[in-house]
Amino acid sequence: MLRYENIGTVCIKIDLHNRNYSVIAIAKWNKETEKYMTTLYLKENSVELLDLMEKYKDVEFASDSSSIRNDILQEVSKLNDHDSFKYYMDRYDLEQKCFDRGLEIVTREELNK
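Mapping the sequence shown onto the numbering used here, position 102 (from 1) lands on 102, and the numbers just tick up by one.
Treat the hints as calculated values from the structure; they're not laboratory data. Quick caveat, the model's predicted, so the values are computed rather than measured. It is possible that some hints are incorrect.
Said to hold, decoys possible - Below, a list of computed lysine-lysine pairs in the BS3-like style, where the Cα atoms sit at most 27 Å apart:
#, residue 1, residue 2
1, K113, K78
2, K13, K78
3, K57, K43
4, K31, K57
5, K97, K35
6, K13, K28
7, K97, K113
8, K13, K97
9, K57, K113
10, K43, K86
11, K35, K55
12, K43, K78
13, K113, K86
14, K57, K35
15, K86, K55
16, K57, K78
17, K13, K113
18, K86, K57
19, K28, K78
20, K57, K28
21, K43, K13
22, K55, K13
23, K31, K55
24, K97, K57
25, K97, K86
26, K86, K28
27, K43, K28
28, K55, K43
29, K97, K55
To be verified - Distance windows between CB atoms, simulated:
#, residue 1, residue 2, range
30, Q96, E60, 25 to 33 Å
31, L49, R69, 39 to 47 Å
32, K28, K113, 17 to 25 Å
33, L103, E60, 38 to 46 Å
34, E32, K57, 14 to 22 Å
35, S65, E95, 46 to 54 Å
36, D15, D100, 20 to 28 Å
37, D90, L111, 26 to 34 Å
38, E110, S66, 32 to 40 Å
39, C11, E34, 35 to 43 Å
40, R69, L103, 48 to 56 Å
Idealized CB from N, CA, C, for every residue including glycine.
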């Protein structure tokens, strides 16, 4: 039998403006620590693909349910202002270029069969 797991109780999308990227934040309340554990993903706005930003996996927020969204927004804004997502944006761009080039090669090979 299939089972599900709640991966988050809060999920928000934050547009990084002028960069064509958004950050997806998924937060889950941890009853033991009484904090939110939050993981950030990068998404290029024209592609439906989330990329985990490993440095921002399981980040703790000592927030309550009424402030967690704003606290995440403030942290993402601060990280964005310090260009902390540049590595992940460059990696995302490279992955997309590799995918596009690979698709081009595979399509050409399929047509030449």
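Verification of the hints:
The straight-line distance between the Cα atoms of K113 and K78 is roughly 52 Å, outside the 27 Å bound, and the hint therefore fails. A hinted pair counts as satisfied when its Cα atoms are at most 27 Å apart, and K13 with K78 qualifies at roughly 16 Å. Of the supplied pair hints, the one linking K57 and K43 holds, its CA atoms being roughly 15 Å apart against a limit of 27 Å. Among the hinted pairs, K31 with K57 is consistent with the structure: their alpha-carbon atoms are about 18 Å apart, no more than 27 Å.
Restraint check: the Cα-Cα separation between K97 and K35 comes to about 38 Å, which exceeds 27 Å; the hinted pair is violated. Of the pairs offered as hints, the one joining K13 and K28 holds, with about 15 Å between alpha carbons and a cut-off of 27 Å not exceeded. Only pairs whose Cα atoms come within 27 Å are accepted, and K97 paired with K113 is accepted, the gap being roughly 25 Å. Restraint check for K13 and K97: the C-alpha separation of about 24 Å stays at or below 27 Å, so the hint holds.
Proximity of K57 to K113 is assessed by CA-CA distance (about 44 Å); at most 27 Å being required, the pair is judged violated. With a C-alpha separation of about 13 Å, the suggested pair K43 and K86 falls inside the 27 Å cut-off, and the hint holds. For the suggested pair K35 and K55, the alpha carbons sit about 19 Å apart, so the restraint of at most 27 Å is met. As the CA atoms of K43 and K78 are separated by approximately 18 Å, the hinted pair is consistent with the 27 Å bound.
Between K113 and K86, the direct Cα distance comes to roughly 41 Å. Violation of the 27 Å bound is thereby established for this hinted pair. Under the criterion of a C-alpha separation no larger than 27 Å, the hint pairing K57 with K35 is consistent with the structure, at around 14 Å. In summary, the hint linking K86 to K55 is supported, as the alpha carbons are separated by about 12 Å, within the 27 Å threshold. For a cut-off of 27 Å, the pair hint linking K57 to K78 stands: about 17 Å separates their Cα positions.
As the CA atoms of K13 and K113 are separated by approximately 44 Å, the hinted pair breaks the 27 Å bound. Between K86 and K57 the CA atoms are separated by roughly 16 Å; this keeps the pair inside 27 Å, and the hint holds. For the proposed pair K28 and K78, the alpha carbon gap of about 21 Å is at most 27 Å, so the pair holds. With a C-alpha separation of about 12 Å, the suggested pair K57 and K28 falls inside the 27 Å cut-off, and the hint holds.
As the CA atoms of K43 and K13 are separated by approximately 9 Å, the hinted pair is consistent with the 27 Å bound. In summary, the hint linking K55 to K13 is supported, as the alpha carbons are separated by about 18 Å, within the 27 Å threshold. Proximity of K31 to K55 is assessed by CA-CA distance (about 23 Å); at most 27 Å being required, the pair is judged to hold. A C-alpha spacing of about 25 Å is found between K97 and K57, which places the hinted pair at or below 27 Å, so the restraint holds.
Restraint check for K97 and K86: the C-alpha separation of about 16 Å stays at or below 27 Å, so the hint holds. This hinted pair checks out: K86 and K28 have alpha carbons roughly 26 Å apart, not beyond 27 Å. The straight-line distance between the Cα atoms of K43 and K28 is roughly 20 Å, inside the 27 Å bound, and the hint therefore holds. With a C-alpha separation of about 16 Å, the suggested pairing of K55 with K43 holds against the 27 Å cut-off.
For the suggested pair K97 and K55, the alpha carbons sit about 23 Å apart, so the restraint of at most 27 Å is met. The beta-carbon spacing between Q96 and E60, approximately 31 Å, falls within the hinted interval of 25 to 33 Å. As the Cβ distance of L49 to R69 is approximately 23 Å, the hint placing it in 39 to 47 Å is violated. Restraint check, K28 to K113: a C-beta distance of roughly 48 Å breaks the suggested window 17 to 25 Å.
A hinted range of 38 to 46 Å for the beta carbons of L103 and E60 is consistent with their spacing of about 39 Å. For E32 paired with K57, a C-beta distance near 18 Å keeps the hint of 14 to 22 Å intact. At about 35 Å, the CB distance of S65 to E95 disagrees with the hint of 46 to 54 Å. Against the hinted window of 20 to 28 Å, the Cβ-Cβ separation of D15 and D100 comes to about 24 Å, which satisfies the hint.
Look at D90 against L111: about 32 Å separates their beta carbons, and that is inside 26 to 34 Å. For the hinted restraint 32 to 40 Å between E110 and S66, the CB-CB distance of approximately 54 Å leaves it violated. Remark: the range hint 35 to 43 Å for C11 to E34 is contradicted by a beta-carbon distance near 20 Å. Between R69 and L103, the C-beta spacing of about 37 Å breaks the proposed range 48 to 56 Å.
Hints 1, 5, 9, 13, 17, 31, 32, 35, 38, 39 and 40, counting from the list given before, are not met by this structure.
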